[in-house]
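Q: All chains should be modelled from the sequences, with the hints used to inform the complete structure.
The listed protein sequences correspond, in order, to chains A and B. Note that the first sequence covers residues 25 to 265 in our numbering. Note that the second sequence covers residues 25 to 265 in our numbering.
Mixed in with the good hints, there may be bad ones.
The list cannot tell twin chains apart, which means a pair is met if one copy fits it or any two copies do.
[To be verified] Heads up, simulated SDA-like pairs for lysine to any residue below, C-alpha to C-alpha not over 25 Å straight-line: (1) Lys235 / Glu145; (2) Lys40 / Val85; (3) Lys235 / Asp96; (4) Lys106 / Gly208; (5) Lys79 / Ala209; (6) Lys185 / Gly53; (7) Lys79 / Gly245; (8) Lys40 / Asn77; (9) Lys122 / Ser262; (10) Lys106 / Ser262; (11) Lys106 / Leu264.
Just so you know, the hints here were simulated from the structure itself, not pulled from any lab data.
Number of protein chains: 2
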Amino acid sequence: MVALFYLMNLILLFPKDIIPGTGRVRLTGRRQAHVLEIHRACLGDRLVVGMENGKTGQGCVTRLTSDELEMDVVFNAAPPPKIPVVLCVAMMRPIVFKRVLQTAAAMGVEAVHVFHSRQVEKSFWQSTALQPEEVFEQLVLGLEQAKDTVVPSVSFHKQFKPFVEDALPGLLVGRQGVVADPSGAVLLPERSPKVLIIGPEGGFIPYEIEKFSEAGCIVFGLGPRILRVETAVTSLLSLLS
Amino acid sequence: MVALFYLMNLILLFPKDIIPGTGRVRLTGRRQAHVLEIHRACLGDRLVVGMENGKTGQGCVTRLTSDELEMDVVFNAAPPPKIPVVLCVAMMRPIVFKRVLQTAAAMGVEAVHVFHSRQVEKSFWQSTALQPEEVFEQLVLGLEQAKDTVVPSVSFHKQFKPFVEDALPGLLVGRQGVVADPSGAVLLPERSPKVLIIGPEGGFIPYEIEKFSEAGCIVFGLGPRILRVETAVTSLLSLLS
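A: If you want it as structure tokens, here you go:
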């Protein structure tokens, strides 16, 4: 139900929505309810649509009942470009994690890596919010908000050392790693492809900062104010995009 | 209870916390519980404190029981500087409003003005979240997060026209008004004192944009992605601070 509160600025469609042999889609459930109750659409209305990982376009409502929506669709425009940032963020409380996934998708991040860090509560890793269908739902809400169609990848790294030693070097090819930490000097990194690394609410421990430095990352600070993880994510993505 | 999830990076103190005739404070309730359960403080531990609208400093725990905390306190540092932005934002859903208040306080906004706009649901104005003590609570959570002590002002303007014609001109003295709207060209305003104006999820109507322009504001866009209000607030405050 919560999804009904969001403004769905684009209705994200999936291949399975297509009625075979037609240029038409049929929707039920959340998307149909949203169009009916929030858009208050009528027959003939045009809505912004997009095909998963494909183009955006328009849908023209050809049938709308209390539980089904049909539209003729055309796809004729590219989705907005992604921003040149890979987001690596320490695991967080499930409710915050959901909002960060939505924000990352909405702001145009291509890939999200979620990793363990000493000051992350181990119980966070047990949350149902990590299940693929739950992750996908949050990403879709973010894409619909921002009129994007291209689903970002989300990877989990439940151990710090394999993340920093084995996964991170590959991400850093052609991209500068930047680590947000109160220990860093304040510095606004110039806009170029980045791997943005954000720690847990309690911060990184010195060993972790050392490992990031060894991997070639720059440690920078955010000034005297300590921001919550979700605020820091939005703030830094804005500054780097 | 929800407050216990926040990292209280500074314990905000109020004159009423001072035990008369001593350099000592006594806390009960939320702050005492936070220190006990989250900081897991012990006798002699030093905690970061700040006096409401005053200096920051340290508290040394001199007594800690299951329902009371006493600290010797010294105040010796200035709180972080505010950012040169007055935030004007159309009224939003109460749960979003709470988060926006916290974020504005955490990011160092001096003054928040909340105004009515055509596409704001009238019911939002009935929310208990607008009550002074509720507003104050969210501001304090934001200040504690960001180690600030200076409580921003929050003003409500339940009618659009009096806001834009009578209140806004005073805010614009010495500050450039900038209105975020999809109708604007993408443009990153340079960093100088600003009045940042953000509309409701459904956007401003053309009449409203016209009134802002008449008042001397610049309308700018955020690019092809439409962001949620709370994401836009954080994003734009970062870019302007």
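Q: Determine for every hint whether it applies to the structure shown.
A: Evaluated hints:
1. With identical chains, the CA atoms of lysine 235 and glutamate 145 are at most 25 Å apart within one copy only, with a shortest distance of 20 Å there and 50 Å across copies.
2. Taking the closest pair of Cα atoms, lysine 40 and valine 85 come within 25 Å of each other only inside a single copy of the chain (18 Å); across copies the shortest separation is 62 Å, beyond that limit.
3. For a Cα distance limit of 25 Å, the shortest separation of lysine 235 from aspartate 96 qualifies neither inside one copy, at 53 Å, nor across copies, at 39 Å.
4. Only between protomers do lysine 106 and glycine 208 lie at most 25 Å apart by alpha-carbon distance; the minimum there is 21 Å, versus 28 Å within a single protomer.
5. Proximity of lysine 79 and alanine 209 under a CA criterion of 25 Å is satisfied inter-copy only: 23 Å between copies versus 42 Å inside one chain copy.
6. Neither within a single protomer nor between protomers do lysine 185 and glycine 53 lie at most 25 Å apart by alpha-carbon distance, with minima of 42 Å and 40 Å respectively.
7. Proximity of lysine 79 and glycine 245 under a CA criterion of 25 Å is satisfied inter-copy only: 22 Å between copies versus 38 Å inside one chain copy.
8. Proximity of lysine 40 to asparagine 77 under the C-alpha cut-off of 25 Å is restricted to the intra-copy arrangement: shortest distance 13 Å within a copy versus 58 Å between copies.
9. Taking the shortest alpha-carbon separations for lysine 122 and serine 262, both the intra-copy value of 19 Å and the inter-copy value of 22 Å come in at or below 25 Å.
10. Proximity of lysine 106 and serine 262 under a CA criterion of 25 Å is satisfied in both settings, with 13 Å inside one chain copy and 20 Å between copies.
11. In this homomeric assembly, lysine 106 and leucine 264 come within 25 Å of each other (Cα to Cα) both inside a single copy, at 12 Å, and across copies, at 22 Å.
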